[in-house]
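Number of protein chains: 4
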Amino acid sequence: MMGETFSFVEDVQIYDTDAQGVVHYSGYYRFFTDAMHEFVKSKGYKFPFIDDKHWFVVLESNAKYLNSAKVGDTLDINLTVNSVSKKIIRFDFDIKRGQEQICQGYVLHICIDKDKWKSADIPDNILNELTK
Amino acid sequence: MMGETFSFVEDVQIYDTDAQGVVHYSGYYRFFTDAMHEFVKSKGYKFPFIDDKHWFVVLESNAKYLNSAKVGDTLDINLTVNSVSKKIIRFDFDIKRGQEQICQGYVLHICIDKDKWKSADIPDNILNELTK
Amino acid sequence: MMGETFSFVEDVQIYDTDAQGVVHYSGYYRFFTDAMHEFVKSKGYKFPFIDDKHWFVVLESNAKYLNSAKVGDTLDINLTVNSVSKKIIRFDFDIKRGQEQICQGYVLHICIDKDKWKSADIPDNILNELTK
Amino acid sequence: MMGETFSFVEDVQIYDTDAQGVVHYSGYYRFFTDAMHEFVKSKGYKFPFIDDKHWFVVLESNAKYLNSAKVGDTLDINLTVNSVSKKIIRFDFDIKRGQEQICQGYVLHICIDKDKWKSADIPDNILNELTK
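Here the protein sequences line up with chains A, B, C and D, keeping their order.
Numbering-wise (the numbering used here), the first sequence opens with residue 1 and increments by one.
Numbering-wise (the numbering used here), the second sequence opens with residue 1 and increments by one.
Numbering-wise (the numbering used here), the third sequence opens with residue 1 and increments by one.
Numbering-wise (the numbering used here), the fourth sequence opens with residue 1 and increments by one.
Rather than coming from a laboratory, the hints here were simulated on the basis of the structure.
Keep in mind that the hints are not guaranteed to be accurate.
Okay, the calculated bits of chain C under chain D, using three or more residues with CB under 8 Å as the criterion [said to hold, decoys possible]:
#1 8 to 16
#2 39 to 49
Far from chain A, some chain C residues (derived; all Cβ distances over 10 Å) [claimed, not checked]:
#3 GLN20
#4 HIS24
#5 GLU60
#6 ILE88
#7 ASP94
#8 LYS96
#9 GLN101
#10 LEU108
#11 ILE126
These numbers were taken from a predicted model, which means no experiment stands behind them.
Ideal Cβ positions, reconstructed from N, Cα and C, are used throughout, including at glycine.
All chains, please: the whole structure from these sequences, using the hints.
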């Protein structure tokens, strides 16, 4: 299933930066997480505790840094979501400052049954909502 | 000078929490910083780099934890700002979830001349804007 | 009971700093937490999950910033521990770089029964170990 | 040039974890950074400010999560370093808890001339020291 694109706007905060004067490399994962939270919330679910039984657990994270961003910069975080399988969902991120590309990346989540801490199918209605 | 109250709404993110299942004690300082950023931005300045010459540097931080908050909770961060002297400004925070008090705290900043890294008077127009 | 002093050495990492070029104000709470972990571990307990039933939960945190620290600086974190009551324990911190004072602060923890999420007496043997 | 393997031991701290009870996905980048700092320091340089003129700036970061880790776990962070070009250096990480693999990942750094904020050759002696 091909997913939709969701856009989210966020300012760079002083704690996102480091002594190089720009956003620290792991700081972009905050923007990724915030965008996933807002997207899943817009669908009526909680993140990463999707429902009482199912959690999203991260399998892989990746970020490529194309240009640096500074405190006070306003960033557009564009998220695309796709299902990899019935259990795995992939979020792709493209962060821009105006027309300029800042960071691209992705996060893979696997759905687990939280009580068994074992992989589980994402419930059909949730998968449809997230990837329609 | 007595300062005004500024309110800011923010969701608890998964990275704010720890294995106790609730927001980690240092996580509240992110809410404090975000509220200071939004308040100063609403006045037309950047935070903590107020202008080309003046920076706010933290002198003291404090937080008291009254009730715990969980991922997905929506918090109201209420900020009050007061000048302590011509050089020092104090932000007080009162974080609520609905009517329930979650956290109270404060952050003291001193203004410095960034080139000399020495304390400096907050420019009058900025101090007036922030504490009127 | 008067507590002992425990010393712990740690380097400032790039992620502890922000775009002001020095350690971010909330970064010092990492040093506080690391020192509490090492101290409690040296007594044979885990932190903050003291045993199967008892957790330490933070009531208050405070830090005063006396001098700034830079990436690569080696800091001495000196911790003193005292019992405030049978339920509450206080950790005081004094961070130095050589003879120079960098940061002073404290963290108050209350002991809870984790299953009830209610305050509980710190078990006598643990309180004695931590504050002897 | 084939690089050497450097090993570093670190405990999981409470702030590394989130409400899923295990280390948060971005928390592993702290272990990566700490290992790079210790490795570069063991060679007599600072990280990421290699010398007065040259900085390492992150081009890409990646982590795969194989098993979860909990607060108090002692992890072995194994680092391998290789030069990709005269300007780019790659650090590979393999994190284990005993014999169990927890996380694998890499961080690519490009060397810049900090005054021009432009890519620059890593000085020969430094590249040799880091990748011999």
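inquiry  = Need the list of violated hint numbers for this structure, in ascending order.
reply    = Numbers 3 and 4, in rising order.
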